[in-house]
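> Listed here are the chains, written in short residue letters.
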Amino acid sequence: MQHKVIDTKEVVIRFTGDSGDGMQLTGSLFADASALYGNEVSTFPDFPAEIRAPQGTVSGVSGFQVNIGSGEIRTPGDYCDVLVAMNPAALKANAKWAKPTASIILDSDTFDEKGIKKAGFKTDDPITELKLEDRHIIFAPITTLTKESLKDSGLDPKSIIRSKNIFTLGICYYMFNRPMGTTEEYLDKKFRKKPELADANKKALKDGFNYAGNVHAIPNTYKVQPAKLEKGVYRNINGNQATAWGLLAASEKSGIPLFCGSYPITPATSILEELALRKDLNVKTLQCEDEIAGICTSIGAAYAGNLAVTTTSGPGLSLKSEALGLAVMTELPIVVVNVQRGGPSTGIPTKTEQTDLNQALYGRNGECPIAIIAAHSPSHCFDAAFYSAKYALEHMMPVMLLTEGFLGNGSEPWKIPSMKDFPEIKAPVITESEETPFWPFKRDSEKLARRWALPGTPGLEHRVGGLEKNNDGTVSSDPLVHERMVGERAEKVARLANYIPDLEVIGDDSGEVLVVGWGGTYGHLYTAVKELHNEGKSVSLAHFDYILPLPKNTADIFSKFKKIIVCELNSGQFANYLRTQHQQFQYHQKNKVQGQPFIVKEIVDAVNAIL
Amino acid sequence: MEMKYTPQDFKSNQEVKWCPGCGDHAILASVQRAMPEICESLNYTKERFVFVSGIGCSSRFPYYMDTYGFHGIHGRASAIATGVKVANPTLTVWQVTGDGDALAIGGNHFIHAIRRNIDINILLFNNQIYGLTKGQYSPTSKLGMITKTSPYGTVEHPFNPGALVLGSRGTFFARSIDVELKLTQDIMVQSAKHDGTAVSEILVNCVIFNDKTHAQVSDKEFRAERTIILKHGEPMIYGKDKDKGLILDGNKIKSVVIGENGITEKDLLVHDAEEENPGIHSMLIDMMYPELPVALGVIRAVKDKTYDDNVRDQVIDAREHAQIHNMDELLHSGAIWEVK
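First to last, the sequence lines map onto chains F and A.
Counting from 1, one number per residue, gives the positions in the first sequence under our numbering.
Counting from 1, one number per residue, gives the positions in the second sequence under our numbering.
There could be a bad hint or two in this list.
Claimed, not checked - Pairs of lysine-lysine, DSSO-like flavour, derived with a Cα cap of 30 angstroms:
1) K46/A x K442/F
2) K340/A x K420/F
3) K189/F x K340/A
4) K442/F x K11/A
Claimed, not checked - A short list of chain A residues far from chain F (calculated; beta carbon distances all over 12 angstroms):
5) P20
6) G21
7) A26
8) E274
9) S282
Keep in mind that the hints were calculated from the coordinates and are not lab data.
What you are looking at is a predicted structure, and each value in this text was computed from that prediction instead of being measured.
Cβ coordinates follow ideal geometry from the N, Cα and C atoms, glycine included.
Could you put the whole structure together from the sequences, leaning on the hints where they help?
Shown next, in the form of structure tokens:
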């Protein structure tokens with residue numbers, strides 16, 4: 001058979017297997033290799049909450065989808081061109097994501113009677129049962145081949161079998177004409193202390209690659225040319241790492257040490273892990289006894305003069321609610337990062353959602369508004385975290401940064417910014433005051449920010465706390481003082497609108513339909529709007545990074561469109577919020593609460609339905 | 001000796017709003033009197049003090065000190081104080097809390113602060129009742145105690161705060177009574193000098209909702225007979241006439257009369273607060289009237305590395321061996337590539 005190289009602009013590949021099969025690693029290695037090759041890349045890890053769910057069952061299937069392209073890539077792709085399934089269960093769970101033209105690579109060794117039964121197939125022919133006969137099915141005895149490849153490696157049988165994901169990666173590298181150098185370097189680094197493992201994995205990778213080249217089962221290989229990226233130095237980054245680094249950047253710019261008090265919680269944990277690595281940049285991390293201590297240690301650290309952050313996900317934010325009110329009352333600069341996941345309660349912890357918006361907006365006792373900023377892509381988490389910290393410090397108030405599991409775990413190539421391009425951060429730290437004793441809640445007239453008098457400063461001794469106080473710091477339950485202070489705190493948040501950027505419209509400034517979104521749906525909405533626009537339809541996108549306060553030009557933009565459709569991964573929380581803020585408009589909705597990102601087609605269809 | 005400060009320097013301009021006759025007034029006076037001595041002996045200045053509290057009667061304390069102060073939320077003072085200390089280890093951090101605040105809603109933070117041995121001073125005002133909410137039983141209320149939420153008597157066993165400190169591998173525990181002003185003052189100084197979490201339980205009277213709860217040991221009439229003030233390196237002697245002592249009888253502490261049954265001062269236990277093994281400390285903490293006198297003074301003060309020291313050492317070490325010195329270097333670390 002003649003080997004054919006197909007040039008294509010965009011390919012989606014989905015790696016799936018048991019949660020112990022190493023699919024997350026395989027997927028990220030493929031993504032990294034593609035990014036280094038120069039493609040645009042977007043990834044979507046989709047895995048179960050269990051670390052090792054029962055082997056071979058559908059509930060234990062872990063997936064990692066990568067979209068690589070030579071042009072603009074804004075989403076991990078809806079459906080895949082290549083599906084890798086390491087066992088029958090993985091095939092069963094993921095067949096629905098395979099395009100009609102897809103190639104499907106299967107480990108034939110796992111498709112025995114036992115494996116097929118465990119996956120819950122009714123017949124002994126999964127391909128027919130799933131109606132995949134038209135797809136290009138590649139049955140490769142991956143387990144046997146890996147065993148054969150590593151029989152002289154000196155590794156124990158268990159370690160050998162564990163390398164089958166790397167063998168599979170080798171097959172994919174052949175299929176997509178990927179260079180293997182970066183992966184080899186990675187393996188050398190990862191197994192620095194066990195060179196025999198590094199060698200074995202490198203051999204498995206190469207043998208997988210050669211196997212694919214030798215057998216005739218793979219008729220076509222794909223070539224995805226490097227994307228025409230803007231000049232510069234690039235790296236791959238996921239959302240949680242970008243969040244951690246954005247906070248570090250704010251610490252450097254402000255000259256204020258970073259403190260992070262947190263409790264491990266999926267999918268936010270890796271922010272704490274990333275910050276814990278950075279003692280070299282003077283970061284202090286405290287893994288607390290619980291979520292409440294996470295925010296309370298941060299409040300204490302903020303009082304003592306650190307840039308203090310706490311990182312969490314939905315249930316953790318619920319636990320932090322009372323203390324968040326304390327941060328509002330004491331007017332201290334903390335950043336609360338909420339990497340949203342599927343709720344309520346424990347919900348679907350490893351899946352993505354935007355269902356904590358109401359909690360962020362309203363989840364505290366008393367009248368207690370806080371600034372809310374949302375990140376819209378993995379790399380944008382860097383900027384969003386930086387500005388969350390900047391506004392917290394400069395306006396002396398807590399800021400909540402909303403990201404999502406989809407962003408936190410997802411990755412993309414990122415043109416590395418230079419720190420000199422980021423603005424200064426000037427916190428209102430004082431070392432003396434005109435008045436004696438010091439008035440802790442005296443405000444500047446523009447931002448309404450109070451001054452930050454740090455313990456250790458002579459002459460500025462003062463007390464703050466959860467009780468209502470007058471501007472001079474004395475405890476007061478005077479009705480009018482309370483009403484005024486409630487108003488001042490709310491006005492301080494509202495005035496942030498004078499400092500944040502205007503809302504931008506992507507596409508024409510006016511027209512038939514304005515698609516409105518916020519947070520991690522950006523890539524899907526952008527792709528959908530572009531598709532519709534290319535079809536000649538009058539559709540634009542307005543995507544909100546700033547939720548509270550809303551950008552000042554919001555109503556201006558809304559008024560230029562005949563229809564507005566708010567698309568979000570919840571039942572309509574942002575739409576309802578907009579109804580309270582800008583009541584003069586009518587809002588259509590496209591909602592999804594499945595723990596999964598949008599599919600571009602869903603948005604296209606929803607917009608077409610109102611056009 | 002001429003001191004830099006007087007107690008007056010630590011009094012804020014706020015009106016003290018505890019009930020007349022409340023034991024908290026006495027503790028406030030003891031703490032304010034201890035401050036000049038602490039500053040003198042440790043070369044501290046006033047602005048380095050931070051008083052942190054939770055919620056409850058005792059937690060109003062920071063408002064009455066002319067220092068930096070943070071009145072937190074219920075139970076969370078240990079966590080807030082931990083954050084203050086980690087952020088700026090040069091501060092001297094004092095947490096004021098009560099039996100409800102520290103041992104019920106804040107129990108988790110309390111034990112974990114102690115486990116970490118973070119260098120904060122915890123003053124635990126134990127009045128065995130919820131005062132600010134007007135008289136419900138607390139985690140230290142005696143079994144069977146009748147309160148508004150236990151009209152038939154409590155059916156819960158109380159905590160002994162000192163036992164929790166030992167259980168958390170605490171390095172410092174002291175006990176005083178509100179009426180023992182000088183002892184409280186001395187303990188405050190010892191607490192300040194201790195590196196690590198220093199817990200001082202102060203038995204305090206709630207004149208409104210739990211009056212005389214400690215009376216059987218705190219009343220002047222029998223205090224000397226029913227309490228023992230422990231001093232490091234000294235034999236365990238108590239009693240109005242200094243005629244009683246404590247010995248180890250088998251594996252139990254026993255009270256004896258000096259001179260009776262051939263017992264001399266040499267037979268008595270000598271208090272060693274610095275002994276790492278908590279065995280004797282545990283027995284001393286558990287002593288209850290009427291079987292034994294209630295132990296007061298510094299019961300345990302052992303040396304160990306503090307959390308804040310360890311954090312500081314790690315940061316210094318990491319920065320000395322750093323490959324990455326700033327953000328631009330971090331951003332360019334690991335796998336990067338250039339598009340030309």
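> Evaluate each hint against the coordinates.
Each hint, compared with the structure:
1. Pair hint K46/A plus K442/F holds up; C-alpha atoms about 23 angstroms apart against a cutoff of 30 angstroms.
2. Between the alpha carbons of K340/A and K420/F the distance comes to roughly 21 angstroms, so the proposed pair stays at or under 30 angstroms and holds.
3. Distance hint between K189/F and K340/A is fulfilled; the C-alpha atoms sit about 27 angstroms from each other, no more than 30 angstroms.
4. Restraint check: the Cα-Cα separation between K442/F and K11/A comes to about 23 angstroms, which is no more than 30 angstroms; the hinted pair holds.
5. Chain F leaves P20/A outside its interface by the beta-carbon criterion, the shortest separation being 19 angstroms against a cut-off of 12 angstroms.
6. With a cut of 12 angstroms on Cβ distances, G21/A stays outside the contact zone with chain F, its closest approach being about 22 angstroms.
7. No beta-carbon of chain F comes within 12 angstroms of the beta-carbon of A26/A; the shortest separation is about 21 angstroms.
8. Every beta carbon of chain F lies more than 12 angstroms from that of E274/A, the smallest distance being close to 28 angstroms; the non-interface claim holds.
9. Distance check on S282/A: its Cβ is at least 24 angstroms (rounded) from any Cβ of chain F, clearing the 12 angstroms threshold; non-interface status holds.
Checked against the numbered hints given earlier, the structure satisfies every one of them.
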